[in-house]
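Enquirer: Below are the chains, spelled out letter by letter.
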Amino acid sequence: MASVAVERPSRFGIAWRPLLQRAGLTVAVFGGLWAFWEAFKWVGETTGLKLGQFTVNDRTLPHLHDIIGQLFEPSRRNGPLLIEVLWDAALFTAKEAAVGFFLGASIGFALAVILAHSRLLQRGFLPYIVASQTVPILAIAPMVVIWLGGRGLPDWLSVSVIAAYLTFFPVTINTLRGLESADPRALELMRSYAANRWRILWKLRVPASLPFLFAALKVSATACIVGAIIGELPASIQSGLGGAILNFNQYYASSPPSLWATNLVAAALGITFFLAVVLAEKLVVRRAPENVA
Amino acid sequence: MSVVSLKDVHKEFGKGGVIALQGIELEIGEREFVSLIGPSGCGKSTLLRIVGDLIQPTSGKVVVNGKSARQAREDRDYGIVFQDAVLFDWRTVAKNISLPLEMLGWDRRRRGERVKELLRLVELDGFESHHPWQLSGGMQQRVSIARALSFSPPLLLMDEPFGALDEMTRERLNIELLRIWDALGSTIVFVTHSISEAVFLSTRVVVMSPRPGQITGVVDIDLPQPRTAETREQPRFFELVADVRHRLRGLGDELDETELIVAEEGL
Amino acid sequence: MSAGPTAVQPVPRGVFARRVGRGVRDWIPAAIVFALGMAVWEFGVKALDVQNFLLPPLSDILETLWDDRSGLTSAAWFTFKEALGGFVIGSGVAIALALLLARWRPLASAIMPYAIAANAIPIIAFAPITNNWFGLLSPASKIAIAAIICFFPVLVNTLRGLTSVRPASIELMRSYAAGEVEIFRRVRIPNALPFIFSALKVATVLAMIGAIVGDYFGGSQDSLGIVIRRDAGIFAFEHAWAAIVIASMLGILFYAAVAITERLAMRWHPSTRIE
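Protein chains in written order, with this note's numbering: chain A, 45 to 337; chain B, -16 to 250; chain C, 309 to 583.
Isolated chain A, as found in the complex:
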């Protein structure tokens, strides 16, 4: 109804108050999770909680402080600190994922643009685009590595291709929906300007599809990392997070916190990519105010 929004003064164009509130809340949430974890552990261990083969002990559920502490221990005897190893692995996987992200997003976008112009093409190809995601990439990965490797391309690029495979799909589907979501009246307006297809595309449809595109990119941000990790596994690529997971899985019995720490780093990577897309969205959308919901 009729309530007037008061504009709060902000420094550097950033609203500090809600940001600090959000940060404080996040700290509180993490604190709460920590407390819940330790409480669950304590209860589980004292009551001997059992769920099938699952029991609660330091092997199945290490203390959170052990996990974090493990990061600052050497990853193996006389070796570099775990956090250094995981950092390098994360960067390696990030590179693969980022290349895959841009590759997949571009292909996905191009595909959507092509399909948007022909119902016939849509009816012909959409079912297979959807079906493509049911193909287990784990199985395709070694073949892609051999194929591209045979052409002299580095292993990590093959992993990027796998990452792109998981990335293109949400981008295609959502961008298609976005391109078709243009207001019919705006379309008529463009036609009254005798705009040709290309003009209509770039001046109207693409801006209209941006919210949908960014929604997809947020999904793709995680998908490309998942694709990269999975792609590394059968290709036996040691340098990335997939390799780290395999490695620390093998030695889980001797150092459970290491595998957990690897998961923590993978989670951080996923969230970082996600936040990067959110930031990009804020920057892009700000430049195109007509797209703000």
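I should point out that these hints are in silico values taken from the structure, not numbers from a laboratory.
Incorrect hints may appear among the rest.
Said to hold, decoys possible - With beta-carbon atoms standing in for the labels, derived distance ranges:
{"#": "1", "chain 1": "B", "residue 1": "G168", "chain 2": "C", "residue 2": "A476", "range": "53 to 59 Å"}
{"#": "2", "chain 1": "A", "residue 1": "K326", "chain 2": "C", "residue 2": "R413", "range": "21 to 27 Å"}
{"#": "3", "chain 1": "C", "residue 1": "A418", "chain 2": "A", "residue 2": "D102", "range": "51 to 57 Å"}
{"#": "4", "chain 1": "C", "residue 1": "R474", "chain 2": "A", "residue 2": "G96", "range": "43 to 49 Å"}
{"#": "5", "chain 1": "C", "residue 1": "A565", "chain 2": "B", "residue 2": "S112", "range": "50 to 56 Å"}
{"#": "6", "chain 1": "A", "residue 1": "R241", "chain 2": "C", "residue 2": "V489", "range": "47 to 53 Å"}
{"#": "7", "chain 1": "C", "residue 1": "I340", "chain 2": "A", "residue 2": "L323", "range": "42 to 48 Å"}
{"#": "8", "chain 1": "A", "residue 1": "E224", "chain 2": "B", "residue 2": "Q217", "range": "46 to 52 Å"}
{"#": "9", "chain 1": "A", "residue 1": "K94", "chain 2": "C", "residue 2": "R474", "range": "45 to 51 Å"}
{"#": "10", "chain 1": "C", "residue 1": "M557", "chain 2": "A", "residue 2": "N240", "range": "42 to 48 Å"}
As the list claims (entries may be wrong) - If you want the ones that stay clear, here's a sample from chain B, every Cβ over 12 Å from chain C, calculated:
{"#": "11", "residue": "K44"}
{"#": "12", "residue": "G49"}
{"#": "13", "residue": "P115"}
Said to hold, decoys possible - Among the chain C residues that face chain A by a calculated CB cut under 7 Å, a handful are:
{"#": "14", "residue": "P337"}
{"#": "15", "residue": "L362"}
{"#": "16", "residue": "A425"}
{"#": "17", "residue": "I432"}
{"#": "18", "residue": "A433"}
{"#": "19", "residue": "F442"}
{"#": "20", "residue": "G443"}
{"#": "21", "residue": "V513"}
{"#": "22", "residue": "I520"}
{"#": "23", "residue": "V521"}
{"#": "24", "residue": "I536"}
{"#": "25", "residue": "F543"}
{"#": "26", "residue": "I552"}
{"#": "27", "residue": "A555"}
{"#": "28", "residue": "G559"}
Ideal Cβ placement from N, Cα and C applies to all residues, glycine included.
We have chain A; now place chains B and C onto it with these hints.
Expert: Frame of chain A, contents of chains B and C only:
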């Protein structure tokens, strides 16, 4: 006995925020058709929602059907129609109309009969099994009106129900609404942007102004009943439209310029 | 929804036959592409002399599939059961939790950003840990990871669907003096159905990934993940492709099952209507 009684009603949004309504005094009697008209921000929609207990006033007394607004709402003493039909996509026309009846616990047979009656009333026979997206805007609004009337409330609250429709559909629905009003003997409170619509439909037109929202005047519409398409061509009609327009002039955005031009051209 | 002044002709009764006919006609382009694709796979591969281990001709793959049909179908079925179990548990808990959270809007809005962030985590990295929890050979470990993978997207989408109701609809229900439960039953849940189904379709794919990759980290011999791993190790690419084909077919059937359920449950939805 008055159906709606508002005494010294104030509404403020937020602490020290916008004063949406100030010092509203209004009595509406049985079988009246009262329109609320005014420029944007005059609080007419807010006032309607206060009568319906969908918003609570900051201060003042609201009596609906001899009870508090809250009690009237819980006793389902009114039906409401919004500018947007607000139909549920997943229900057919028949099920949309019977929604309040389901909630009142009517049995299937009774609901079915009532829906049939209502469809006849709003002239939508044969559309029971259609879905909202299969209907035009005007038809959707008719479903919305049928739904509001389904449990025969003594009071009908309407918030610019025909605002989104074209002129011709609007005029046709105006006449239908008056026919329904006459047949059911309900009391109607009607918010509108259109001067000619307000004058055509009402027994009284309440003129409101913004900043802060308040009632600046009430015009008694003494046009004969029943009103027909010819009523719009009576000299008295133009006089009343001019009267309302004058009261609105200088109160903010000129509302409904097209209405004024149309009225002046004698169309 | 509200179509404004444009008058849409109401669809007359007896259009069912036309709808089915229309539907079949819609699938012709896809069928043509399928036929062409299969032809390219079979003949193009031979003609271009693509190396066998990369992409064997379709007939070779189908032959291998037929030869080992019992082994492959039992492995596929085993993996599917893991995926299905994870799908049901993960989605079920997510929907239940979303229903609970939507009751307390402030709680739901507070939780949303964290659920969205959790959705951004590559959960697959957690598979080795569930293997350690529930035992390598036990399907429970794969069901667990599949469930966790399905959980967050279904939670986020269901919550969105339950809370993205038009305020006018809520006002309408309040004018009927409806309580929270009635609002849920008559408005929020039907409104959320499209969101839920779209998330469930994604979840079918995620559950399969979870099950297969979970098995890859260590699982029963009779699972697709291990079959794939073994085949890669001994370069048995035709067999690997046969496994891929059968896994893919299962994935498609799984997805289609949810899509068909969606059509049946949401006959009213604009997406199922004829244009």
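Enquirer: Tell me the hint numbers this structure goes against, listed in increasing order.
Expert: 1, 3, 5, 13, 25
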